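Given chain A, put chain B in place with the hints provided.
Protein chains: 2
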Amino acid sequence: MQERVLIKKCLELVGQEVLLKGWVSNVRDHGGLAFIELRDWSGTIQVVINDPTVKLGREWVVAVTGIVQARDQKLINKNTQTGAIEIVSKSIEVINKSEVPPFDTDTDGRLLDENTRLKYRYIDLRRPRLQNIMRLRHKYMLAVRNWMDQAGFTEVTTPLLTSSSPEGARDFIIPSRIHKGKFYVLPQAPQQFKQMLMVAGVDRYFQIAPCARDEDPRADRHYGVFYQIDVEISFPTRDEIFATAENLIKETYKTVAPQKEIITFPFPRISYAESMDSYGIDKPDLRFELKLQDLGFLKGKTEFNIFNQAETLKCVVVKSHEFTRAQIGELEDFAKSKGAKGLAYTKVTESGFETGIAKFITANFVELKEKLNLQNGDTLFFSADSYEKACKVLGQVRSKLGDILNLKDQNKLAFAWICDFPFFETNEETGKLDFGHNPFSMPIGGKEAFDNPDPLKILSNQYDLALNGYEILSGSIRNHEPETMVKAFEMVGYGRDEVLKRFGGMYTAFHYGAPPHGGFAIGIDRYFMVLIDEPNIRDVYAFPLNSNGVDVLMNAPSELRPEQLKEAGINLRND
Amino acid sequence: MQERVLIKKCLELVGQEVLLKGWVSNVRDHGGLAFIELRDWSGTIQVVINDPTVKLGREWVVAVTGIVQARDQKLINKNTQTGAIEIVSKSIEVINKSEVPPFDTDTDGRLLDENTRLKYRYIDLRRPRLQNIMRLRHKYMLAVRNWMDQAGFTEVTTPLLTSSSPEGARDFIIPSRIHKGKFYVLPQAPQQFKQMLMVAGVDRYFQIAPCARDEDPRADRHYGVFYQIDVEISFPTRDEIFATAENLIKETYKTVAPQKEIITFPFPRISYAESMDSYGIDKPDLRFELKLQDLGFLKGKTEFNIFNQAETLKCVVVKSHEFTRAQIGELEDFAKSKGAKGLAYTKVTESGFETGIAKFITANFVELKEKLNLQNGDTLFFSADSYEKACKVLGQVRSKLGDILNLKDQNKLAFAWICDFPFFETNEETGKLDFGHNPFSMPIGGKEAFDNPDPLKILSNQYDLALNGYEILSGSIRNHEPETMVKAFEMVGYGRDEVLKRFGGMYTAFHYGAPPHGGFAIGIDRYFMVLIDEPNIRDVYAFPLNSNGVDVLMNAPSELRPEQLKEAGINLRND
Chain A
736 MQERVLIKKC LELVGQEVLL KGWVSNVRDH GGLAFIELRD WSGTIQVVIN
786 DPTVKLGREW VVAVTGIVQA RDQKLINKNT QTGAIEIVSK SIEVINKSEV
836 PPFDTDTDGR LLDENTRLKY RYIDLRRPRL QNIMRLRHKY MLAVRNWMDQ
886 AGFTEVTTPL LTSSSPEGAR DFIIPSRIHK GKFYVLPQAP QQFKQMLMVA
936 GVDRYFQIAP CARDEDPRAD RHYGVFYQID VEISFPTRDE IFATAENLIK
986 ETYKTVAPQK EIITFPFPRI SYAESMDSYG IDKPDLRFEL KLQDLGFLKG
1036 KTEFNIFNQA ETLKCVVVKS HEFTRAQIGE LEDFAKSKGA KGLAYTKVTE
1086 SGFETGIAKF ITANFVELKE KLNLQNGDTL FFSADSYEKA CKVLGQVRSK
1136 LGDILNLKDQ NKLAFAWICD FPFFETNEET GKLDFGHNPF SMPIGGKEAF
1186 DNPDPLKILS NQYDLALNGY EILSGSIRNH EPETMVKAFE MVGYGRDEVL
1236 KRFGGMYTAF HYGAPPHGGF AIGIDRYFMV LIDEPNIRDV YAFPLNSNGV
1286 DVLMNAPSEL RPEQLKEAGI NLRND
Chain B
736 MQERVLIKKC LELVGQEVLL KGWVSNVRDH GGLAFIELRD WSGTIQVVIN
786 DPTVKLGREW VVAVTGIVQA RDQKLINKNT QTGAIEIVSK SIEVINKSEV
836 PPFDTDTDGR LLDENTRLKY RYIDLRRPRL QNIMRLRHKY MLAVRNWMDQ
886 AGFTEVTTPL LTSSSPEGAR DFIIPSRIHK GKFYVLPQAP QQFKQMLMVA
936 GVDRYFQIAP CARDEDPRAD RHYGVFYQID VEISFPTRDE IFATAENLIK
986 ETYKTVAPQK EIITFPFPRI SYAESMDSYG IDKPDLRFEL KLQDLGFLKG
1036 KTEFNIFNQA ETLKCVVVKS HEFTRAQIGE LEDFAKSKGA KGLAYTKVTE
1086 SGFETGIAKF ITANFVELKE KLNLQNGDTL FFSADSYEKA CKVLGQVRSK
1136 LGDILNLKDQ NKLAFAWICD FPFFETNEET GKLDFGHNPF SMPIGGKEAF
1186 DNPDPLKILS NQYDLALNGY EILSGSIRNH EPETMVKAFE MVGYGRDEVL
1236 KRFGGMYTAF HYGAPPHGGF AIGIDRYFMV LIDEPNIRDV YAFPLNSNGV
1286 DVLMNAPSEL RPEQLKEAGI NLRND
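Going down the list, the sequences are from chains A and B. Residues 736 to 1310 (this note's numbering) are what the first sequence spells out, left to right. Residues 736 to 1310 (this note's numbering) are what the second sequence spells out, left to right.
The shape of chain A in the complex, shown without the other chains (with noise of 0.2 Å):
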């Protein structure tokens, strides 16, 4: 029996026999000679049919024994693989026909419904453009686990029927049949998991892990489950951490992005105040520079009102560019979009400001000049308002900005390290003290920082890792004290016994001997999707949720027997 081949292998094949097996994805029928695109798991490649009793259909299954033959040279196809070769088909065999398919499968099915494309997932997936994310998905993940193993780390699979988590958001909850009453959480995160791992002194620990939060579905998050590389060291420095993270994200990229290249490394570090300064986020995109320059030397000086009272006067200065009306105007509309009353400007001339808010400025060009370093054609765009909405509007110009002038290259990656997050925040709903990140994470100066009288003053050694204005990592030296558990869970208004009832495994852990610790986690869907430049996040998995948390598939979520209701202890409530 002949052996079939892959298509891609036809191209070491030229003038022999092969045998190939795949799908008909599409059919030009001349009358007596047709053309058939054939495609299988390796690629697509041209059959040519010289036999009118042939009749084919779009995606049957066929066995084709043919010829493997180059094409004429002004017949070669420079957009596929195989456009120097065809096929000159001997036999065809229908393995299993198809009923016409909803739709084509050789477009990149971004205008198409997306509920039908997911109803027929099987069909859609065979696009080489999801089947190219499938394959590299799967190598990504191998060049991470076999880097992580070289550099003496160990993958740990954690459970995934477990307790009620701190991570914050909400459980997926799984009753016990057993001990009925009672339920199961699917784990948020495996944060307590890997830290008791290292009070069981496994040093260097990984895992590609599963994620399950009940969060409200959005277009441009997964819902339900996501996956993250989540890494643990014990004795760990922190410049030890960031080299980790910096070398296997370096060593591993390439693997799926191999025409991208990293900016900087090792990757700057900002602390969270200055990137809040200099970028008005804590995800700075890093790819253009565009700094938020601060005015406040202008404070009482312009015969703008909003300039001489507001908290905060910053700028960003575009260097020698021309805006045009539309431009600016698309500006202004997207400063309001994002809360703010207005978006001052005006522009660098030779003899001074013109346009926009110029007349209020006028006395003040010297010194902006000298000061901003200006120069003619320079533009100029203004926040004037507290410092926190400043800041924040002024950075989403900036990013807006990146994208009008064409400054956020897909190929470059800015990789930077936010680190010294504020410990608390104030909740916006109660007023109250509440945790800024991770309430394991390690104060900046321990246990004593927390005696600091202005307590939103506390930083954490806490670290996120931002790239091209994603935050694709986020991390920090753990606490690893009992007492001071019990202290930063006070300080937001807990008592220790509640501490002590919810993390108790933890507490209890911290008493025999726990190292300390620090570590990260990066979430693989968000970073995968910038290496590869896919906006749909549901393209990233092969069987997605929809947009409203629905397998339209599988039919899930579904109704279920009464006595599997039973079963779990459980009825449905009608309120």
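Worth double-checking, as some hints may not be accurate.
Copies of the same chain look alike in the list, so a pair counts if it works inside one copy or between any two.
Straight-line C-alpha distance at most 25 Å; calculated DSS-like pairs for lysine-lysine [claimed, not checked]: (1) K915 / K854; (2) K832 / K1182; (3) K917 / K854; (4) K1106 / K1073; (5) K1236 / K1301.
If you are wondering where the hints come from, they were derived from the structure by calculation, not from laboratory data. Keep in mind the model is a prediction, meaning the values are calculated, not measured.
This is chain B only, laid out in the frame that chain A set:
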């Protein structure tokens, strides 16, 4: 700052000063001169402390600065990796103290109460035995992934939140907050998803996949979630599938068990019927022969009524072994415990049979001697009963003989394919026809096979892989024809509507160009346990549920807050 080194690295650093960080696994204080055993992830080492002011306790976390020194020839401890060296301490810093641990960590822990071990799992996991299991499991999974990758397979992650699947065990159910009254379930296996991936053209899929089944807890089963190496291939021959599994196993097991040897490669293939006939079981231990031999030719010829009347008479011949009275007694008791009325046996001497049932078969000596090629000193064990029971009981006696005669060499791996299982069986409770194994398998002979007037004779293209008496793999060539699928379910009493309701996604998928496909899944836990000779299934997990389905460390399952139930749209029921 001096860099920490791992203990095993000290072997290369004799004479040099090192900084070690780890746990004090025990202390011997000789008044002034103390010896501690220091443990980190890489090993243990003796530290000599010549400073009476240093007081340390078990499981304290310490940093030791000292000189690596070769031990005197006569003080070398050959039982530990670092037994030829020790650290002469210059200074010791206590990083964290420990309360007195509830148990030792330098034993294997097997004699301790399991719940106590699990409650303090973070201490329990410090045992070198358990750390080694974590390390080996990681190394094994990685070896599997790399092998699959180089063999052209793509790992695709399938959903954790899905709908009820047909594996037939109970589901873990998850109420949907957004779609009240409906439920997700955890996957029992990725069976339907992997078949859809074949329809999607993935060609060669694998996944190390979690499978969740709410089966009643049992001591030798991990409650809740287990893992399998899940594999599926399009356009396969059965030989190709077998070769994939065989090569995967052969080229990865030495990562974990380099001292072990595969007895026969490629693995022998035995039909289900032959396996039952020769070994009385569908997962025979082939590290030893001792086949069940049929004595049908004796029917009506002996002076033993039971032998003459039984549907089936079989025996096992043990060559030249002198059984003690105690061994014979043990075997008799064992046979009775398996449902036999007794265990007939006799022994071959120069002059005829002796002891046991000798007197009833004296007349048959010559025929038996010739047909079974008996020799002096052989012992025969008989089973006379219905065919099924005779095979089953004698098969278990055969296994027990393997124990008694020490034939189960832990360093031998005897794999065998068991093929051609019956498609249907008679359900013992209802007396009705039921699926013998996977309902999605292809019957041998295709859809026409279902026309067989005796459905119990219909065979399935289903196969298992037996290893040393365990079933470690199961798979089949799948059915990819929708009407054959409907027919299979109709045979056991499902209507077409029911099939479409339960498996509509797959039924529809099979209409849109489904390729022939097949595959298998390896149960990692059981297979790994055999490879590492670990009898306790919970110890191959870092954080197992106990044998009653409870996580005593994290307190799962546990009660929820009333608002959590309300959000999930459920009540606890009181019946």
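Intra- versus inter-subunit Cα pairing at 25 Å for K915 with K854: Only across copies: K915 and K854 sit 22 Å apart there, 36 Å inside one copy, limit 25 Å.
As a check of your reading, is K832 near K1182 (CA-CA no more than 25 Å) within one copy, between copies, both or neither? between (70 Å within a copy, 17 Å between copies)
Checking K917 and K854: alpha-carbon separation at most 25 Å within a copy, between copies, both or neither? between (35 Å within a copy, 19 Å between copies)
At 25 Å max between alpha carbons, let me know whether K1236 reaches K1301 within a copy, between copies, both or neither. Intra 30 Å, inter 22 Å, cutoff 25 Å: inter-copy only.
When Cα atoms must be at most 25 Å apart, do K1106 and K1073 count as within-copy, between-copy, both, or neither? neither (29 Å within a copy, 94 Å between copies)
Consistency with the previously given hints fails for number 4 only.
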